[in-house]
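Chemist: Take the two lone chains, each set in its own frame, and fit them into one complex as the hints suggest.
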Amino acid sequence: GQNIDQPTEMTATEGAIVQINCTYQTSGFNGLFWYQQHAGEAPTFLSYNVLDGLEEKGRFSSFLSRSKGYSYLLLKELQMKDSASYLCAVTSGGYNKLIFGAGTRLAVHP
Amino acid sequence: KAGVTQTPRYLIKTRGQQVTLSCSPISGHRSVSWYQQTPGQGLQFLFEYFSETQRNKGNFPGRFSGRQFSNSRSEMNVSTLELGDSALYLCASSRDYNNEQFFGPGTRLTVL
Numbered sequence: 001g002q003n004i005d006q007p008t009e010m011t012a013t014e015g016a017i018v019q020i021n022c023t024y025q026t027s028g029f030n031g032l033f034w035y036q037q038h039a040g041e042a043p044t045f046l047s048y049n050v051l052d053g054l055e056e057k058g059r060f061s062s063f064l065s066r067s068k069g070y071s072y073l074l075l076k077e078l079q080m081k082d083s084a085s086y087l088c089a090v091t092s093g094g095y096n097k098l099i100f101g102a103g104t105r106l107a108v109h110p
Numbered sequence: 111k112a113g114v115t116q117t118p119r120y121l122i123k124t125r126g127q128q129v130t131l132s133c134s135p136i137s138g139h140r141s142v143s144w145y146q147q148t149p150g151q152g153l154q155f156l157f158e159y160f161s162e163t164q165r166n167k168g169n170f171p172g173r174f175s176g177r178q179f180s181n182s183r184s185e186m187n188v189s190t191l192e193l194g195d196s197a198l199y200l201c202a203s204s205r206d207y208n209n210e211q212f213f214g215p216g217t218r219l220t221v222l
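The listed protein sequences derive, respectively, from chains B and W.
Taking our numbering as reference, the numbering of the first sequence is continuous, increasing by one, and the terminal residue is 110.
Taking our numbering as reference, the numbering of the second sequence is continuous, increasing by one, and the terminal residue is 222.
Excised from the complex, chain W in its bound form (with noise of 0.2 Å):
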């Protein structure tokens, strides 16, 4: 069984663009969970997708954005570009809540 691909694996850009990643699950897998992870903030959650719905939040600003599609693929948007955007984004996927949850290689964003 394929695992959580993402893409695309490295990505610059710089402040005031915007940016999209996207993310497929494992098949079968109807929940997508997004995650930044940075070194002095370790990993933190941004939110959760479940049959094209998000189901939880994390606390961050308005410029993250993501959505779900039928087949279950999501994608994040991170709009006007911070630097401290920087940072290595996974995705991870899961068959419903409080499992498993599977990440993949990450994509890693750097705003200039």
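The shape of chain B in the complex, shown without the other chains (with noise of 0.2 Å):
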């Protein structure tokens, strides 16, 4: 089967660094997003990893460990704006199939 694992809620203060972790297990496994996701929005992307090792996109980084089924998505200098629930998904046995965990709460306080 097909597990994913992440932190239900996580808090923050303005300006700090957070690590949301993620581990899984699936067969066939091809590569991890990470999505956030706004109360009443739709889920945007934010990362995709295939290959092992750090992905870094202005205060974003994702670090990806295949072998060790782990993930992590990295936030510097936190904003308020980025209070959201991040979504982990892994892809798995080709197409389009993402398979999510059941997301992080973050908030971010002043």
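Bear in mind the hints are in silico, worked out from the structure with no lab data behind them.
C-beta: ideal position from N, C-alpha, C; glycine also.
Some hints here could point you the wrong way.
[Unchecked claim] Label-pair distances were calculated between CB atoms; the ranges are:
1. Gly-172/W <-> Gly-28/B: 23 to 29 Å
2. Pro-110/B <-> Gly-172/W: 48 to 54 Å
3. Ser-92/B <-> Gly-172/W: 19 to 25 Å
4. Lys-57/B <-> Pro-171/W: 37 to 43 Å
5. Thr-190/W <-> Val-50/B: 36 to 42 Å
6. Gly-152/W <-> Pro-110/B: 28 to 34 Å
7. Leu-222/W <-> Asp-52/B: 47 to 53 Å
8. Gly-172/W <-> His-109/B: 43 to 49 Å
[Unchecked claim] Stretch-level coverage of chain B by chain W, calculated; a stretch enters the list once three of its residues show a Cβ under 8 Å from a Cβ in chain W:
9. 42 to 56
10. 101 to 108
Modeler: Listed below in structure tokens is the structure:
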């Protein structure tokens, strides 16, 4: 089967750094996506990792270790607008079947 | 470039009825995937269409069906609605597989 685990909730302070972890167990792994979803809105793409290592994109970075079934999303210089749910999703077996984790609700406080 | 559009945005139906939701992908995108999002189950994959063919299907009953037209627009249909079908239905488009999927705003379905 397939299983994706992420923390349910996290809190952080404006200007700080936060790391959201994701562990997965899946057969035929292809890649791992991170999406951001604000309440009442559609998910928006943040990053896609296929190979091991760190991908940096502005204030957001994502890391993948395929051998450990582990990824994290790193958010730097947190802003109030970063308060949202962060969804980890994997694709396996080809095509576009995204298997999502339950999401991590991040609350950024002043 | 216009994003993914979904119609209608909100829908209220009663048990036993059927519903059809529509999704127009980003121009040039040939893959359309459908997802159901509920507070209890999160985001769950329904099915994916590419060039009018269903390429992949999630674990939903046969009451959930879909199709894709030659212009890549897609529809999903839910027959014999149940209370548990109340959810946000999202479609996502991409160029092909393992590419970034762009989500539409969703259709919020309420079944009374």
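Chemist: A separate judgement is required for each hint: does it hold in the structure or not?
Modeler: Tested hints:
1. At about 25 Å, the beta-carbon gap between Gly-172/W and Gly-28/B stays in the expected band of 23 to 29 Å.
2. Look at Pro-110/B against Gly-172/W: about 50 Å separates their beta carbons, and that is inside 48 to 54 Å.
3. The given range of 19 to 25 Å is respected by Ser-92/B and Gly-172/W, whose C-beta atoms sit roughly 24 Å from each other.
4. Here the CB-CB span from Lys-57/B to Pro-171/W is close to 39 Å, well matched to the stated 37 to 43 Å.
5. Restraint check, Thr-190/W to Val-50/B: a C-beta distance of roughly 41 Å satisfies the suggested window 36 to 42 Å.
6. For Gly-152/W and Pro-110/B, the hinted distance range of 28 to 34 Å is satisfied, since their beta carbons lie about 29 Å from each other.
7. Between Leu-222/W and Asp-52/B, the C-beta spacing of about 49 Å keeps the proposed range 47 to 53 Å intact.
8. At roughly 47 Å, the beta carbons of Gly-172/W and His-109/B sit within the given window of 43 to 49 Å.
9. Residues of the stretch 42 to 56 of chain B lying with their CB closer than 8 Å to a CB of chain W number 6, which satisfies the three-residue condition for coverage.
10. Check result for the stretch 101 to 108 of chain B against chain W: holds, 3 residues qualifying (beta carbon to beta carbon below 8 Å, three or more required).
Violation of the numbered hints given earlier is absent; every hint is satisfied by the structure.
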